[in-house]
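Protein chains: 2
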Amino acid sequence: MAPLHTDRAFEQHLGTVRASILEMGGLVEDQIALAMRALVERDVALARTVVDRDHTVNRFDVEIDALCLKALALHQPAARDLRLVTTALKITTDLERIGDLAVQVAERAIELAETPPVKPYIDLPRMAERARDMVHRSLDAFVREDAELALAVCAADDEIDKLHEQLFRELLSFMVEKPDTITRAMRLLFVSKSLERVGDHATNIAEMVIFMVKGRDIRHLDAVPRDL
Amino acid sequence: MAPLHTDRAFEQHLGTVRASILEMGGLVEDQIALAMRALVERDVALARTVVDRDHTVNRFDVEIDALCLKALALHQPAARDLRLVTTALKITTDLERIGDLAVQVAERAIELAETPPVKPYIDLPRMAERARDMVHRSLDAFVREDAELALAVCAADDEIDKLHEQLFRELLSFMVEKPDTITRAMRLLFVSKSLERVGDHATNIAEMVIFMVKGRDIRHLDAVPRDL
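Protein chains in written order, with my numbering: chain F, 1 to 228; chain L, 1001 to 1228.
No wet-lab data here; the hints were simulated from the structure.
Please note that the accuracy of each hint is not assured.
[Said to hold, decoys possible] Derived contacts from chain F toward chain L, CB cut-off under 10 Å, selection only:
#	residue
1	THR16
2	ASP43
3	VAL44
4	ARG48
5	CYS68
6	GLN76
7	ALA78
8	ALA79
9	ARG83
10	PRO179
[What the hints assert, rightly or not] Each pair of labels, with its calculated beta carbon distance range:
#	chain 1	residue 1	chain 2	residue 2	range
11	L	ALA1152	F	ASP158	19 to 29 Å
12	L	VAL1040	F	GLN166	30 to 40 Å
13	L	ALA1019	F	ASP140	32 to 42 Å
14	F	LYS178	L	ALA1045	32 to 42 Å
[What the hints assert, rightly or not] No farther apart than 25 Å at their CA atoms in a straight line, the calculated lysine to aspartate or glutamate pairs in the DMTMM-like style are these:
#	chain 1	residue 1	chain 2	residue 2
15	F	LYS162	L	GLU1111
16	L	LYS1162	F	ASP54
17	F	LYS119	F	ASP180
18	F	LYS214	L	GLU1170
19	L	LYS1178	F	ASP180
20	F	LYS178	L	GLU1165
21	F	LYS178	L	GLU1177
22	L	LYS1070	F	GLU129
23	L	LYS1193	F	GLU11
24	L	LYS1162	L	ASP1100
25	F	LYS162	L	GLU1177
26	F	LYS214	F	ASP146
27	F	LYS193	F	ASP123
28	F	LYS70	L	GLU1177
29	F	LYS119	F	GLU129
30	F	LYS193	L	ASP1161
31	F	LYS193	F	GLU159
32	F	LYS193	L	GLU1023
33	F	LYS193	L	GLU1159
34	F	LYS70	L	GLU1145
35	F	LYS193	F	ASP158
36	L	LYS1070	L	GLU1107
All C-beta atoms, glycine included, are put in the ideal place defined by N, C-alpha and C.
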């Protein structure tokens, strides 16, 4: 029913939404990597840069929301197109919160730079790398509308959860054995928890992408349907 | 342009969305209260009920999303009506995550029931009560489209953050003085953190309500505009 030029205008609009989401995603991936580098290299200045750059992440959140509302108001999309826009609306919220989690890691990096490390940083950088990768692939899945890739992201979350549990137990025994490490170990635990939550947000994004593509909500199913 | 009966149908549709959000909100408020009671009364069966009921919370999330998509597709609302539906879409995500946080409190309650309490439960029930109240008022603000009430919710978040920091310091000194309390104190800290995050989600909801009503995004402004 809509004239062809409207479809083309909508496609252009969608292209802008996709590009902005990828740009925002690139920025928060970067924030995670920099926050982790600041922690490992005890680089307080770098950690402060991460904290300051959160404004840019937040600006993206507001701008992409406005773009999506405009897309809905101007083009009144239906079915899959509609789901694409509402998914983008929800994805920005997750990306903004991933940005907040990177800031939390950077804040712990600032505190931890004051005291000698409890143990060498091996597991946390690995977790950060996995979490970043999940965010990257979940957004790839969004722009390519690739449900298979999104499913792979959901599956990867288990691994991060396990790394977190393992680190939790390890740090707990540190604390019990050497009570003078308690404050530092707690801060590391918070870092681990933040990274685990980044993985959760990436999983949320991936689940929404599956819904967007398949038009079926797999969130909160105990088992993924076999025909997916 | 739309005939009157469409407006009326849209109003009915919106009424259903509002009622469902309030119902889902009531359920998650209840989940927080029950999880806290399970913790204080060391009631493992009650804690398990909270964990089991999370399915119902999740079903609401899926159903309200479907309702909102239908509202967008069928009625193609504009301006404030459009913002109302997209806000509802985002609110369900926050409510679903508040439900997850109640489950996390319940899980800690199950673990903590096995060991004697570190200290009497005074601060945590108070935090839970405040957090619940924030959720309640943020949803009230949504259905009444009341930006002033939403602003009051944002202001209340500071108090919960302070309670959390205070408890954090207190539990940290417990752990340092009596290393045998470490595991229990850590679990209490996680409960405190979960409640603090409930407050954050209520604040997110309140900020979105202000945007919905005012059509201006106050999220991520360092200061709330004076003419708000």
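Hints and how they fare:
1. Against a cut-off of 10 Å between C-beta atoms, the interface hint on F/THR16 is violated, since the closest Cβ of chain L lies about 18 Å away.
2. Violation of the interface hint for F/ASP43 is found here, the shortest Cβ-Cβ separation to chain L being roughly 26 Å, above the 10 Å cut-off.
3. With a least beta-carbon distance of about 22 Å to chain L, the hint placing F/VAL44 at the interface is violated under the 10 Å criterion.
4. A cut of 10 Å between beta carbons decides the hint on F/ARG48: the least distance to chain L is about 17 Å, and the hint is violated.
5. Hint status for F/CYS68 relative to chain L: holds, with the closest Cβ pair at about 8 Å, below 10 Å.
6. Using the Cβ-Cβ criterion of 10 Å, the hint placing F/GLN76 at the interface with chain L is satisfied: the shortest such distance is roughly 4 Å.
7. Checking F/ALA78 against chain L by beta carbon gives a least distance of about 5 Å; that is within 10 Å, so the hint holds.
8. Checking F/ALA79 against chain L: minimum C-beta separation of about 7 Å stays under 10 Å; hint holds.
9. Satisfaction of the interface hint for F/ARG83 is found here, the shortest Cβ-Cβ separation to chain L being roughly 7 Å, below the 10 Å cut-off.
10. Among the interface hints, the one on F/PRO179 holds; its C-beta lies about 5 Å from the nearest C-beta in chain L, closer than the 10 Å criterion.
11. A C-beta distance of roughly 41 Å is found between L/ALA1152 and F/ASP158, which places it outside the suggested range of 19 to 29 Å.
12. Taking 30 to 40 Å as the suggested C-beta distance range, the pair L/VAL1040 and F/GLN166 conforms, at roughly 31 Å.
13. For the hinted restraint 32 to 42 Å between L/ALA1019 and F/ASP140, the CB-CB distance of approximately 38 Å keeps it satisfied.
14. F/LYS178 and L/ALA1045 have their C-beta atoms about 38 Å apart, which keeps the hinted 32 to 42 Å range intact.
15. Between F/LYS162 and L/GLU1111, the direct Cα distance comes to roughly 19 Å. Compliance with the 25 Å bound is thereby established for this hinted pair.
16. Using a Cα cut-off of 25 Å, the hinted pair L/LYS1162 and F/ASP54 holds, with the two alpha carbons roughly 22 Å apart.
17. About 13 Å separates the Cα atoms of F/LYS119 and F/ASP180, which keeps this hinted pair within 25 Å; it holds.
18. Note on F/LYS214 and L/GLU1170: the hinted pairing is violated, with a Cα-Cα distance of about 49 Å set against a maximum of 25 Å.
19. Of the pairs offered as hints, the one joining L/LYS1178 and F/ASP180 holds, with about 12 Å between alpha carbons and a cut-off of 25 Å not exceeded.
20. For the given pair, F/LYS178 sits about 23 Å from L/GLU1165 by alpha-carbon distance, which is consistent with the 25 Å threshold.
21. Proposed proximity of F/LYS178 and L/GLU1177 is supported: the alpha carbons are some 12 Å apart, at most 25 Å.
22. Proposed proximity of L/LYS1070 and F/GLU129 is contradicted: the alpha carbons are some 39 Å apart, above 25 Å.
23. A C-alpha spacing of about 43 Å is found between L/LYS1193 and F/GLU11, which places the hinted pair above 25 Å, so the restraint is violated.
24. Restraint check for L/LYS1162 and L/ASP1100: the C-alpha separation of about 23 Å stays at or below 25 Å, so the hint holds.
25. Between F/LYS162 and L/GLU1177 the alpha-carbon distance is near 30 Å, which puts this suggested pair outside the 25 Å criterion.
26. Distance check on the hinted pair: F/LYS214 and F/ASP146 sit about 10 Å apart at the alpha-carbon level, within 25 Å; holds.
27. With a C-alpha separation of about 12 Å, the suggested pair F/LYS193 and F/ASP123 falls inside the 25 Å cut-off, and the hint holds.
28. A C-alpha spacing of about 58 Å is found between F/LYS70 and L/GLU1177, which places the hinted pair above 25 Å, so the restraint is violated.
29. Restraint check for F/LYS119 and F/GLU129: satisfied, since their Cα atoms lie roughly 19 Å apart, inside the 25 Å limit.
30. Note on F/LYS193 and L/ASP1161: the hinted pairing holds, with a Cα-Cα distance of about 18 Å set against a maximum of 25 Å.
31. Restraint check for F/LYS193 and F/GLU159: satisfied, since their Cα atoms lie roughly 14 Å apart, inside the 25 Å limit.
32. Using a Cα cut-off of 25 Å, the hinted pair F/LYS193 and L/GLU1023 is violated, with the two alpha carbons roughly 31 Å apart.
33. Distance hint between F/LYS193 and L/GLU1159 is fulfilled; the C-alpha atoms sit about 23 Å from each other, no more than 25 Å.
34. A distance of roughly 21 Å separates the Cα atoms of F/LYS70 and L/GLU1145; the hinted pair therefore holds under the 25 Å criterion.
35. Proposed proximity of F/LYS193 and F/ASP158 is supported: the alpha carbons are some 14 Å apart, at most 25 Å.
36. Distance hint between L/LYS1070 and L/GLU1107 is unfulfilled; the C-alpha atoms sit about 36 Å from each other, more than 25 Å.
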